[in-house]
Every structure is written in structure tokens, then in C-alpha cells.
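S.K.: Sequence:
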Amino acid sequence: MSPEALAALHAACFSTPRPWRAAEFDSLLAQDSVFLLGDETGIALGQCAGAEAELLTLAVAPAARRAGQGRALLAGFHTEAAQRGATTALLEVAATNTAALALYTATGYSEIGRRRAYYRDPDGPRIDALVLTRPL
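Counting from 1, position 118 in the sequence shown corresponds to residue 117 in numbering that gives the first Met the number 0; the numbering is continuous, with no gaps.
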């Protein structure tokens, strides 16, 4: 997928945190440690650094949700990260993103930290970010 297509998908999925721009995707994908899974209806973007893998973003187009694609992409992220030598997965999620939190909890993630007032909602209020982890 092109950086422009990735940015368009991200914009269809997120307002908090703000959607990423094509240049940001381009910069991330230029790094050897970053990997992308998915297609135009959903992506998982991850990065491995030693024994740790970070899920940078998981985005499923609104029309494709509730069909298991997010869970499948997350499983693919776990597999790819483990193949790259990671033993722990980390991610960050807005505390108000209940759908994502339900998915992450159901797949074995637990909270290890909270970044207070980390995100700004488009309407102005600040939102905490939760840091979650799970073994791979």
C-alpha cells in the first residue's frame, strides 16, 4: 500500500489520536525494524527492537469492522514479531477506545502504565493513554 492509501485508511479510523500523514507512514516504512501487515481494509503496523515488539497502529476500515479482521491482524502482528525475535508485545491505546481495549484484553494484554492527558480529543479534552503488554 502506498503511504497515501495508509494515511487515508488511518484518517477513516482515527480522530484521537490524530490520523497519521502519508509522510509519517513513509518515514516509518523506511526503517528496517518496521513491518506492515494487511490491505486497504485493515492494517497492523509494528516495530521490533530486540526482545520487544510495539504495535504502532491497528486500523480497520469502518465498513470492515466486527468481522474478525482486527483480531486476525493482531495475531499476524504477534506471529511476525515472534519470528523477528521479540518475546514481549507492547502497545498504547486511548483510554476511551473501548472497542480496542476489549480486543486487546481478550487477546491477553494487560495494563502496565498510564500516560495521563496524553492525547487531545478533537473537541479539546485530554485523554489518557494506556500502555499494555503481553508475552509472545
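Don't take each hint at face value.
Simulated restraints on C-beta separations [claimed, not checked]:
id, residue 1, residue 2, range
1, Thr106, Thr40, 32 to 42 Å
2, Arg70, Gly123, 31 to 41 Å
3, Leu28, Gln82, 11 to 21 Å
I should point out that these hints are in silico values taken from the structure, not numbers from a laboratory.
For clarity, every value in this text was computed on a predicted model and none was experimentally measured.
C-beta: ideal position from N, C-alpha, C; glycine also.
S.K.: When you take the CB atoms of Arg70 and Gly123, is the distance between them in 31 to 41 Å?
M.R.: About 33 Å separates the Cβ atoms of Arg70 and Gly123, which means 31 to 41 Å holds.
S.K.: With respect to the beta-carbon atoms only, verify the hint that Leu28 and Gln82 lie 11 to 21 Å apart.
M.R.: holds, 18 Å
S.K.: CB of Thr106 to CB of Thr40, is that within 32 to 42 Å?
M.R.: Given about 20 Å between the Cβ atoms, the range is violated.
When held up to the earlier numbered hints, the structure conflicts with hint 1 and nothing else.
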